[in-house]
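Visitor: What follows is each chain in one-letter form.
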Amino acid sequence: MKRRIALLAGAGLSLATASMAHAQSTVQTGKERVVIQVSTPEQRLWNQAFNYLANLREVYGDGNVELEIVALGLGIGALQLESTQGPRVAEALQAGVHVSACEISMRRQKLKREDMLPSIGFVPAGLGQIIKRQREGWAYISG
Amino acid sequence: MKRRIALLAGAGLSLATASMAHAQSTVQTGKERVVIQVSTPEQRLWNQAFNYLANLREVYGDGNVELEIVALGLGIGALQLESTQGPRVAEALQAGVHVSACEISMRRQKLKREDMLPSIGFVPAGLGQIIKRQREGWAYISG
Amino acid sequence: MKRRIALLAGAGLSLATASMAHAQSTVQTGKERVVIQVSTPEQRLWNQAFNYLANLREVYGDGNVELEIVALGLGIGALQLESTQGPRVAEALQAGVHVSACEISMRRQKLKREDMLPSIGFVPAGLGQIIKRQREGWAYISG
Numbered sequence: 001m002k003r004r005i006a007l008l009a010g011a012g013l014s015l016a017t018a019s020m021a022h023a024q025s026t027v028q029t030g031k032e033r034v035v036i037q038v039s040t041p042e043q044r045l046w047n048q049a050f051n052y053l054a055n056l057r058e059v060y061g062d063g064n065v066e067l068e069i070v071a072l073g074l075g076i077g078a079l080q081l082e083s084t085q086g087p088r089v090a091e092a093l094q095a096g097v098h099v100s101a102c103e104i105s106m107r108r109q110k111l112k113r114e115d116m117l118p119s120i121g122f123v124p125a126g127l128g129q130i131i132k133r134q135r136e137g138w139a140y141i142s143g
Numbered sequence: 001m002k003r004r005i006a007l008l009a010g011a012g013l014s015l016a017t018a019s020m021a022h023a024q025s026t027v028q029t030g031k032e033r034v035v036i037q038v039s040t041p042e043q044r045l046w047n048q049a050f051n052y053l054a055n056l057r058e059v060y061g062d063g064n065v066e067l068e069i070v071a072l073g074l075g076i077g078a079l080q081l082e083s084t085q086g087p088r089v090a091e092a093l094q095a096g097v098h099v100s101a102c103e104i105s106m107r108r109q110k111l112k113r114e115d116m117l118p119s120i121g122f123v124p125a126g127l128g129q130i131i132k133r134q135r136e137g138w139a140y141i142s143g
Numbered sequence: 001m002k003r004r005i006a007l008l009a010g011a012g013l014s015l016a017t018a019s020m021a022h023a024q025s026t027v028q029t030g031k032e033r034v035v036i037q038v039s040t041p042e043q044r045l046w047n048q049a050f051n052y053l054a055n056l057r058e059v060y061g062d063g064n065v066e067l068e069i070v071a072l073g074l075g076i077g078a079l080q081l082e083s084t085q086g087p088r089v090a091e092a093l094q095a096g097v098h099v100s101a102c103e104i105s106m107r108r109q110k111l112k113r114e115d116m117l118p119s120i121g122f123v124p125a126g127l128g129q130i131i132k133r134q135r136e137g138w139a140y141i142s143g
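Residue numbers (the working numbering), protein chains in the order written: chain S, 1 to 143; chain Y, 1 to 143; chain D, 1 to 143.
I should point out that these hints are in silico values taken from the structure, not numbers from a laboratory. Since this is a predicted model, take the numbers as computed values, not measurements. Watch out, some of these pointers could steer you wrong.
Note: identical chains are not told apart, hence a pair may lie in one copy or across any two.
[Stated by the list, open to error] Result set (EDC-like, lysine to aspartate or glutamate): computed pairs, CA atoms no more than 20 Å apart in a straight line:
#, residue 1, residue 2
1, LYS110, ASP62
2, LYS110, GLU58
3, LYS31, GLU58
4, LYS132, GLU58
5, LYS132, ASP62
6, LYS132, GLU68
Use the sequences and the hints to build the structure in full.
Guide: See the structure below:
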């Protein structure tokens, strides 16, 4: 038994770099948590990502799932004020989805917060956010 | 020691949302398990995904690896009856690879089971399947 | 308590297929570890991948992060001698990033080690490397 616990120490702790408290709350609330990365400007892939969100809400049921979509790199433009994705972003936000823009990517493309769609969230680094979510036990999907 | 176990409770449980039994059997059988997501219609990326399957079978050896390829979104068409990927799908199925079509994506594109390649599997939701596999401890590869 | 440990056995062990020692050292060194897959020949996506590396080094700080970029499939050409990505590969190597070329992909494209950029690393199978990293507790990003 001791050996088993020692083994666990390695496996478990390697995944425990980030917030342990959040991981525990994931289990306590029983919610499925999924982070989706979108790093492309292609509209059809953005449409697909929003379909993914709709599918996941349907599959798990609102209230049983926590979703975050992180836009970064070449994908950051889709969250600009004039983006054709505006209505779907608004719909996602309305449904409680976290929509997060990478501020490093924004700086690279000279975008300010006021250039972006209203009510979205900002994260200092898109990849950092995705890595943090993985550490917290969220499933990861590349959009 | 108590504190260590408490830490483990957070890390371990956050990954334990899905089938615990399957995760245990993964360890018991000693097989590597890998799920590959394909959500593109691009033939060269489908060819690449089938190369991935061949590579993984070569690297681990048949019998030491369990593989699943999940087609969803824009990728669902590659599993249609008339798909040029038909021979490679047949070869993968023959080798014991799970080939799974997302039924949500099929409905979006008005595809019925009889419109699809023979002997493939169907999952209610492609993303749900990938998330389930991640929870069960499968490695995840975006194709 | 016994039941809690039993639960952990399933969750923890399912993620413990690979090197337990490395997973433990991840925790001991306190470094964030991230593996990035690049399987595309598109230059803009390679540029993006190198931006990712720069961002991660900035976010975590050199010395606090261990990074590996694995080129495979259609992405292998970007590590050829004459690649326009040469300077950024050299910069990444200089910064201590592991740059790994998949030898299966090289064989498929008749590339020898002497055809590739100097100082890069070689792995028998790119996917095998990525899967191994996931087992060791590295975060995974699809580039």
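Visitor: Could you run down the list of hints and mark each one as holding or not?
Guide: Hints, verified against the model:
1. Neither within a single protomer nor between protomers do LYS110 and ASP62 lie at most 20 Å apart by alpha-carbon distance, with minima of 36 Å and 25 Å respectively.
2. In this homomeric assembly, LYS110 and GLU58 come within 20 Å of each other (Cα to Cα) only across copies, at 18 Å, whereas the closest approach inside a single copy is 37 Å.
3. Taking the shortest Cα distances, LYS31 and GLU58 sit within 20 Å of each other inside one copy (14 Å), while across copies they are farther apart (33 Å).
4. In this assembly of identical chains, LYS132 and GLU58 lie within 20 Å of each other by CA distance solely across copies; the values are 16 Å between and 26 Å within a copy.
5. With identical chains, the CA atoms of LYS132 and ASP62 are at most 20 Å apart between copies only, with a shortest distance of 18 Å across copies and 23 Å within one.
6. Taking the shortest Cα distances, LYS132 and GLU68 sit within 20 Å of each other both inside one copy (12 Å) and across copies (18 Å).
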